[in-house]
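Q: The primary structure of each chain is shown beneath.
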Amino acid sequence: MEQLSDEEVDHGAEEDSDKEDQDLDKMFGAWLGELDKLTQSLDSDKPTEPIKRSPLRQETNMANFSYRFSIYNLNEALNQGETVDLDALMADLCSIEQELSSIGAGNSKRQMTETKAPQKVPAGRHTSKHGTLKGLSSSSNRITKPSHANYSLDDITAQLEQASLSMDEAAQQSVLEDTKPLVTNQHRRTASAGTVSDAEVRSVSNSSRSSITSAASSMDSLDIDKVTRPQELDLTHQGQPITEEEQAAKLKAEKIRVALEKIKEAQVKKLVIRVHMADDSSKTMMVDERQTVRQVLDNLMDKSHCGYSLDWSLVETISELQMERIFEDHENLVENLLNWTRDSQNKLIFMERIEKYALFKNPQNYLLGKKETAEMADRNKEVLLEECFCGSSVTVPEIEGVLWLKDDGKKSWKKRYFLLRASGIYYVPKGKAKVSRDLVCFLQLDHVNVYYGQDYRNKYKAPTDYCLVLKHPQIQKKSQYIKYLCCDDMRTLHQWVNGIRIAKYGKHLYMNYQEALKRTESAYDWTSLSSSSIKSGSSSSSIPESQSNHSNQSDSGVSDTQPAGHVRSQSIVSSIFSEAWKRGTQLEESSKVNL
Amino acid sequence: MAGMQTASGDYIDSSWELRVFVGEEDPEAESVTLRVTGESHIGGVLLKIVEEIKRKQDWSDHAIWWEQKRQWLLQTHWTLDKYGILADARLFFGPQHRPIILRLPNRCALRLRASFSQPLFQAVIAICRLLSIRHPEELSLLRAPEKKEKKKKEKEPEEEVFDLTKVVLAGGVAPALFRGMPAHFSDSAQTEACYHMLSRPQPPPDPLLLQRLPRPGSLLDKTKLHSRWLDSSRCLMQQGIKAGDTLWLRFKYYSFFDLDPKTDPVRLTQLYEQARWDLLLEEIDCTEEEMMVFAALQYHINKLSQSGEVDEPASTDQGLDDLDAALSNLEVKLEGSAPTDVLDSLTTIPELRDHLRIFRLALRPRKLTLKGYRQHWVVFKETTLSYYKSQDEAPGDPIQQLNLKGCEVVPEVNVSAQKFCIKLLVPSPEGMSEICLRCQDEQQYARWMAGCRLASKGRTMADSSYSSEVQAILAFLSLQRTGGGGSGNHPQGPDASAEGLNPYGLVAPRFQRKFKAKQLTPRILEAHQNVAQLSLSEAQLRFIQAWQSLPDFGISYFVVRFKGSRRDEILGIANNRLIRIDLAVGDVVKTWRFSNMRQWNVNWDIRQVAIEFDEHINVAFSCVSASCRVVHEYIGGYIFLSTRERARGEELDQDLFLQLTGGHEAF
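Top to bottom, those sequences are chains U and C. The numbering used here applies: residue 45 is where the first sequence begins, and numbers increase by one. The numbering used here applies: residue 511 is where the second sequence begins, and numbers increase by one.
Stretch by stretch, here's where chain C covers chain U in the computed footprint (C-beta under 8 Å, at least three residues):
hint	region
1	417 to 430
2	435 to 441
3	465 to 474
4	484 to 495
Calculated directly from the structure, the hints in this document are not laboratory data. Glycine included, every Cβ here is placed at the ideal spot set by N, Cα and C.
Between the sequences and the hints, there should be enough to build the whole structure, so can you do that?
A: Written out as structure tokens, the structure is:
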């Protein structure tokens, strides 16, 4: 109940904001305009494209990108109506709320902050609306702050300001709570944290504002709400040391430190994202900026009950450019999504992709620089992977050959002999030999990602459909800075893409794989434990399905693969070297014999 | 006892006279004559010799060397009969440890005592222990190349030879650290200097010298080095090395185990030096871009080591400092003593506003119209750069606004020409925007440059590192002024300003020919930007890693003739594979991996190495450029090194190494 009204207050603030406060920073104005549009579109329940009415500044000011994305996706999600997985989203929120409330629970000084709050917000009290507004907009501002690890002074002061402002905001909320008893089941679940702020603020009921928005609109204020909420709790911590003047200075400093850490916690930005499933359905979920793709994948696998498999991937498709990329597990999802433009048609797809870890399942096809596919004994595969990824530096496979390069701005393609090196992609200039000293650098890989091009035969008259694209992740539209390469066959394409991944990510890639392997194996363990009846064969219904995607792994049944997986994990270190050892002694014997 | 005689002086036992020379292999040396029998033990003989010499001296290191058999008589409990020694044996009673001059990977010379009686493998272990280099199995010794007799005696500058002959290392325990160095180095100023030489990178070589030094012109030249490796299973004496000879100490096996900057300063530095010389002398090829990175790292490393910044543990935790600062501010704030305007100033992020000349590249560089630089009013706030036609229009919409987060910042500076430009490559959804800001002077440049650099990392000018960044840029500019890195095509002598950037000492000679110094300097500086934050050991490690990532890294070349083939070919041996290479073209013909290897044999009579791989692939070749035991040892050595992960933390299994690499002498 409280929770709901809380959201609505936020929303009300957004509405009002547009009418007053012309004098606020332009940044804030932009943000508010944004919100205004959103609420309008929500109220009218019509899917209006927000882009059309966005001010020019939005296009140039990157600072606004962060929430654009979430709004767009959210908007879309809302417009879809029934398909939105409200339950799931609320569950996310609940868990976060609980975390936060547990922080707040230990705090016995609520009353103090009650009295403190009004004093600390002199500016905000002149016009409470103003205050709320500022709190809101500054919270949005904070969203764009790149790294909370680097604590700069104004981060914290701004933070504090916001915190006090949000107190004010919370005050209005408590009023609203009475005026607006609109409750749904999901919302009730989040009430736990709401009570904290409620108690704090009830006495400061100086706000007379009320806003009425549809229940549906509560959705979009959720992420904003999420950001502001924690500060209320933090403030109570900050409040402590000041009021108790008798406390020793050291203790005070310590508490401030604790409070700062909490602020840091609270400063985490969260995005509501929409993930498309392979079966055309979609899920809406919340990700926080610290989450890696791996964590999001784990989440999704849990939720969608799809079974565990290495191949589950988050795929980014950029429809405007007809390209896609599988996010690497160690990448930060939010960071990547913030590169999307506000009106982006890009999609995030959750699906199984064999390509993701094919490199590790059959390393011989990728690491040896050979032209033909081959079988290899598991033992040798491991040796090969160890050699490539576990040394003091990663060995980039020697990939070279003729590729087609698309001319800038034209639909014509030229042949060139390309080579991959750890330092980038090179080509052999015309009339020169293939020696290092004469190579010309085509691209360095630090600033570009590698994408698969889709249907470029039609789009760009590519010689084949096996195209790869290299571009800076921020580029979202056609540009001369995007490089298109075309391979003769699928195999070459995958070799190049994986080679580039190795050159770019190095050890990370292997660590990702091992982590993923661990997850799937522990999932097997767990399922086999729970279904204690028969250990093999029945462990999980979803296993066979995912197993079928393990491209070249020959095993057919679950009972076979399960032990194999375990053996593999153990063997990785020990067996390889015992093998090497054995070989060594064999060799020694053999050389003895021959003397 | 031997020497029983009758009254007339005839010997009635089977004793005979044995003559032993005292000293190293010197026919003029003094000699003693002993009366022995075939039953005499070596230990007894040694005792007698010492008695005969009648000199008080520590003889403990002395042993008998049997010249004809080229063998040390080290088993003191063996009898002369067991060794097969008769009266005609030429025996020398000399020290087992003798001084040699080691040419280290950093090209410095060091005199020390090495064991002439133990197998080289053990001698190297002892040397490395003295130098405090871990994992001695990766190193070995080479004969110094024969000096070409130069017609005119070029003035060879007298070089300093460091001396460690007097240092005695207590056996057993690992040397303790004392004053930041292993205790045995801290005895005297000389040994301390020696440790600095070992653990700190050397300044760049004189470019003129670099051009004079021999460089391999072809694969064939690269094979020459490997013919000089000494045999690990035999001692120095057996290999004809004499006291005072010069030997090279090098990392032989390119498989560096457990490289740890904290415990391995000497190893890391020497490895870095070997990598650097490899690159400078074109032993290994790299591309232009790679060379610039290597040069930038060298420049950075030199700067750090010359400024005496020995690696302090990188405790400067930026985040913590910021947190402290923030804390104190917060405290002030919470006390409520701060008026609101102070509050505002705290939240306001400093910004730069100035007239700058801007040169903007149109999005289509092909149809570029050169408009040149135009004066604009530029405002730099947070991480965003906006520019306006004039100051009056500032409140309105800017001509362009760029968020510099994630952008590339490239300095384009020529101090002597008073050109201070900042090139920005800013990504945006529509592509990249290239923009060039031209500043009037150093001060303005430093402020804006520092802002841009921070912004590209997503930080604002409020960041505490801003002012230090400004200072660093100013210092950098003044360096360029004094160093005169851009002063034309004349490489500077070694006495040129130590701190200035002389690009010719940092790149391989072929780049010296290709580029002018003033072309190289900005490129190196550009690359330097990416590594400027590294500490000394981090930079060295980065250098080594970049070296390891080169495609040709760690391949030792040999000229061989494959069975059934009529022409010479090149065999490359790397840590995980054998490579057959066409001698003329340099193309890889075939690769075999050690992991597929079943066995290898050496036929010492016809000097042929035969290797069997999985699936009955057999390869046989005879060695042309080097002895086939060098090849054999390389292969066995790599196999041995691959067992290390398993035996981590255990004592080095010397027997296994010798078994794998030894050949027939070992058994």
